[in-house]
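Asker: Listed below, chain by chain, are the residues.
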Amino acid sequence: MNTLWLSRVQFGLTISFHYLFPPLSIGLGVMMVVMEAMYLKTRKKVYESMTRFWTRIFALTFGLGVATGIVMEFEFGTNWANYSRFVGDVFGAPLASEGIFAFFLESGFLAVLLFGWDRVGPKTHFFSTLMVSLGSIFSALWINVANSWMQTPAGFHLVWHNGVVRAQITNFWQVVFNPSTVDRLVHVLLGAFMSGAFLVLSVGAYYVLKRRHEEFGRICVRIALIAAVIGALAQLVSGDFNAKMIGKYQPAKLAAFEGHFPADAPAGMSLFGWVDSKTQTVYGLRIPGMLSWLMYYNTKAPVIGLDHFPPALRPPVNPVFQSYHAMVAIGMALIFITLLGVFYLWRGTLFQKRWLLWVFVISVIGPELANELGWFSAEVGRQPWIVYGIMKTSQGVSPHLAAGEVLASIIMFGIMYVLLGLLFIFLMNRKIQQGPGEAVVALPIPTAPVSGHARLDA
Amino acid sequence: MSHVLNVIWFVLLGVLFAGYAILDGFDFGVGMLSLLVKDDAERRLLLNSIGPVWDGNEVWLVTGGGAMFAAFPNVYATVFSGFYPVFMLLLVALIFRGVSIEFRSKEPMRWWRNLWDTNFFIGSVLAALLLGAFVGNMAYGVALNRHGTYTGGFWALLNPYALLVGVTTVALFMMHGSIYLVMKTQGNLHERLRGWVNNSIIFFIICYATTTMATLLYDRHLTLEVRKHPIFFVVAILNMLAIANIPREIFHKRDFRAFLSSCFSIAALLSLLAIGLFPNIVYARNNPAHSLTIYNASSSALTLKIMLIIAIIGMPIVLAYTTYIYWVFRGKVRIDEHSY
Numbered sequence: 001m002n003t004l005w006l007s008r009v010q011f012g013l014t015i016s017f018h019y020l021f022p023p024l025s026i027g028l029g030v031m032m033v034v035m036e037a038m039y040l041k042t043r044k045k046v047y048e049s050m051t052r053f054w055t056r057i058f059a060l061t062f063g064l065g066v067a068t069g070i071v072m073e074f075e076f077g078t079n080w081a082n083y084s085r086f087v088g089d090v091f092g093a094p095l096a097s098e099g100i101f102a103f104f105l106e107s108g109f110l111a112v113l114l115f116g117w118d119r120v121g122p123k124t125h126f127f128s129t130l131m132v133s134l135g136s137i138f139s140a141l142w143i144n145v146a147n148s149w150m151q152t153p154a155g156f157h158l159v160w161h162n163g164v165v166r167a168q169i170t171n172f173w174q175v176v177f178n179p180s181t182v183d184r185l186v187h188v189l190l191g192a193f194m195s196g197a198f199l200v201l202s203v204g205a206y207y208v209l210k211r212r213h214e215e216f217g218r219i220c221v222r223i224a225l226i227a228a229v230i231g232a233l234a235q236l237v238s239g240d241f242n243a244k245m246i247g248k249y250q251p252a253k254l255a256a257f258e259g260h261f262p263a264d265a266p267a268g269m270s271l272f273g274w275v276d277s278k279t280q281t282v283y284g285l286r287i288p289g290m291l292s293w294l295m296y297y298n299t300k301a302p303v304i305g306l307d308h309f310p311p312a313l314r315p316p317v318n319p320v321f322q323s324y325h326a327m328v329a330i331g332m333a334l335i336f337i338t339l340l341g342v343f344y345l346w347r348g349t350l351f352q353k354r355w356l357l358w359v360f361v362i363s364v365i366g367p368e369l370a371n372e373l374g375w376f377s378a379e380v381g382r383q384p385w386i387v388y389g390i391m392k393t394s395q396g397v398s399p400h401l402a403a404g405e406v407l408a409s410i411i412m413f414g415i416m417y418v419l420l421g422l423l424f425i426f427l428m429n430r431k432i433q434q435g436p437g438e439a440v441v442a443l444p445i446p447t448a449p450v451s452g453h454a455r456l457d458a
Numbered sequence: 001m002s003h004v005l006n007v008i009w010f011v012l013l014g015v016l017f018a019g020y021a022i023l024d025g026f027d028f029g030v031g032m033l034s035l036l037v038k039d040d041a042e043r044r045l046l047l048n049s050i051g052p053v054w055d056g057n058e059v060w061l062v063t064g065g066g067a068m069f070a071a072f073p074n075v076y077a078t079v080f081s082g083f084y085p086v087f088m089l090l091l092v093a094l095i096f097r098g099v100s101i102e103f104r105s106k107e108p109m110r111w112w113r114n115l116w117d118t119n120f121f122i123g124s125v126l127a128a129l130l131l132g133a134f135v136g137n138m139a140y141g142v143a144l145n146r147h148g149t150y151t152g153g154f155w156a157l158l159n160p161y162a163l164l165v166g167v168t169t170v171a172l173f174m175m176h177g178s179i180y181l182v183m184k185t186q187g188n189l190h191e192r193l194r195g196w197v198n199n200s201i202i203f204f205i206i207c208y209a210t211t212t213m214a215t216l217l218y219d220r221h222l223t224l225e226v227r228k229h230p231i232f233f234v235v236a237i238l239n240m241l242a243i244a245n246i247p248r249e250i251f252h253k254r255d256f257r258a259f260l261s262s263c264f265s266i267a268a269l270l271s272l273l274a275i276g277l278f279p280n281i282v283y284a285r286n287n288p289a290h291s292l293t294i295y296n297a298s299s300s301a302l303t304l305k306i307m308l309i310i311a312i313i314g315m316p317i318v319l320a321y322t323t324y325i326y327w328v329f330r331g332k333v334r335i336d337e338h339s340y
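So the protein sequences, as listed, match chains A and B. Heads up: the first sequence is residues 1 to 458, going by the working numbering. Heads up: the second sequence is residues 1 to 340, going by the working numbering.
Derived by calculation from the structure, the hints in this document are not laboratory data. A couple of the hints might just be wrong.
Mimicking DSBU-like on lysine-lysine, the simulated pairs with C-alpha atoms at most 35 Å apart in a straight line are [unchecked claim]:
id	chain 1	residue 1	chain 2	residue 2
1	A	Lys431	B	Lys38
2	A	Lys45	A	Lys431
3	A	Lys431	B	Lys332
4	A	Lys248	B	Lys38
5	A	Lys45	B	Lys38
6	B	Lys253	B	Lys305
7	A	Lys45	B	Lys332
8	B	Lys106	A	Lys431
9	B	Lys38	A	Lys41
10	A	Lys41	B	Lys305
11	A	Lys392	B	Lys305
Looking at chain A on its own, in the form it has when it is part of the complex:
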């Protein structure tokens, strides 16, 4: 493999691993704000212990998010130097803004959130939780601005600079509010809220099933179930908005979602299937005219198909089709189980439905997987472009970068990420098994300053 392909693999690998954590942190942050607000309002001990417990979980997801996130910022320069030269004038500003408006805010107030319980009053602590949550949302905002600009570039012009063409800003607000920013930001944030809500739901259901910390577990399930059902339903609406936006601005991507080939014909929608690009056939269950209806509320309306584009400008169809459909299927399943859960909650029998609680326990994987699949669809679906319609991915790679160096770093990241992933699961499980209540301190806390003679073990 050459430097280009290795760099693609490396970016895909590192971003996929990274993206396991930020949605959890963003979602959990919002849940923590809700819990701590309830504590401030009711002063009930259980809400305090909830906030403290979820803060400990949050610290883990946040830590790994930060550790794997720095990689991403470096990789634009290390592996995609020509891309960086081409877009730096436009793309750098949102990245720097993310640092100034988001990263400083979340990591600064995280200190108070994690270590400040005894140093500041409850209101200041709540304010810190709010700032951490807000910081993580700002972070999603700015990185979405950057990514959306790559999808639907706006507010720039191309100019000659030192003998090469590059993109330069003409209007900052058009860059920030490019045609896809708002739809995609809402979709990403809802995905993140769902990640957080389903994590709380999963752990709460587990405690109820195991008859441990039952009151705590029940409250977690109640809060999380309501958040989850709102998130899952809103995500369906947001998905519809995104499909329409993609149909307008990235028709090749939408066509790949449904394996729709005819250049100008009504399009169906598959429930599941398999795309054979050679024969341009989709095997599976297909509702004729459904995509046309979803796009234009008319089953006869033509939808631009892949044949509209020369083969070199089409994304790989089947991978995009599969990841898109898997995402939608997971989303539908999550809507179904949360609606069912809410129904039983209303009937007052939810906590007797042990099978459903077990489904909730494993449901945490759902949003995480759907988030990843959604990004696969979005990013593979826009190939071969790195900046849609302007620059191809193959043109963005670093010149003079040896394939061996990239291969070495992929192996290094591979080993490291497997290790970190296992440690994350191990420590997460430990924290969940320990449960709320006292933080487990492995060694006694020294009451007086430690001196050389008064050793703890003496």
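Starting from the known structure of chain A, arrange chain B on it as the hints suggest.
Answerer: Below, chain B alone, put in the same frame as chain A:
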């Protein structure tokens, strides 16, 4: 106007990276010294002295990188792709260091804690060494083609001058961290740390003197600007005075003032480098005409202006709450149930 903006962003980048070196510098120093204490409770004290702040300190690097991308995209592209192995290793060091802090006290087993303590130590030394080697290469100059792309290859990055600056950076951060720890500890540990400050100052001064000699001998291009404007020599003198002031303040037990002197000397060292490089950012040693300067490698005037507005809105707020957070965690470090 546009040229003023280029100079402003050169200075602002310098401020961001100086902020990073000063803040994460003591974090690295604490990591380097952490293995010198054997007792678990004392190691926890050292670790928790930076516990609430290390994460925020690292953001200065991320923001500095983002600002470099936005203001001087050609520098960002050339440096990050050209120094590929250096940055990849730096990432490993930073990741392992970060998770070591996060993980070490989560389990009681001795082997577990020793493992993460060792990682914390190695990560801290390696990160400082690599950052120093990076700065060393920037000072020394690298081979660039006429498109401003690095052509020097892997081994050229490991030239003796760059490694010397790497070791000097380790010494600098060790000194800085030991002073920070003196400020944050009490009792017997505090007294022992005072001795370490003196040792690390000696280590640093030896490195600093060697680096200065090597710079004057091999990096003549860095001295031109100071020769042209002798007023800048004041920075070098102030730097020496600041370093000399550290043992004095430590002797008089004015630990905070010793720390401020150390912060000042880091800022002064980076200022000297910036003055020497100006108006270049990446100096092309093979052919100075290929150098990336603050003019030919910058973004458009409009982007620099937008970025300046963003910085003017954002940074005062950042500085305000960062100061507040340091104030919340002021005083001697103590271990409680929330500590690492």
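Asker: Indicate, hint by hint, whether the structure satisfies it.
Answerer: Hints versus structure:
For the given pair, A/Lys431 sits about 28 Å from B/Lys38 by alpha-carbon distance, which is consistent with the 35 Å threshold. Straight-line distance between C-alpha atoms of A/Lys45 and A/Lys431 comes to about 20 Å, which keeps the hinted pair within the 35 Å bound. About 29 Å separates the Cα atoms of A/Lys431 and B/Lys332, which keeps this hinted pair within 35 Å; it holds. Taking the CA atoms of A/Lys248 and B/Lys38, the gap is near 64 Å; set against the 35 Å cutoff, the hint is violated.
Annotation: proposed proximity of A/Lys45 to B/Lys38 is violated, straight-line Cα distance about 39 Å (limit 35 Å). For the hint pairing B/Lys253 with B/Lys305, the CA-to-CA distance comes to about 46 Å; that exceeds 35 Å, so the pair is violated. Taking the CA atoms of A/Lys45 and B/Lys332, the gap is about 30 Å. The hint holds against a cut of 35 Å. Note on B/Lys106 and A/Lys431: the hinted pairing holds, with a Cα-Cα distance of about 9 Å set against a maximum of 35 Å.
The hinted pair formed by B/Lys38 and A/Lys41 fails the criterion: a straight-line CA distance of about 46 Å is larger than 35 Å. Between the alpha carbons of A/Lys41 and B/Lys305 the distance comes to roughly 45 Å, so the proposed pair goes past 35 Å and is violated. A C-alpha spacing of about 29 Å is found between A/Lys392 and B/Lys305, which places the hinted pair at or below 35 Å, so the restraint holds.
Consistency note: the structure conflicts with the earlier hints numbered 4, 5, 6, 9, 10.
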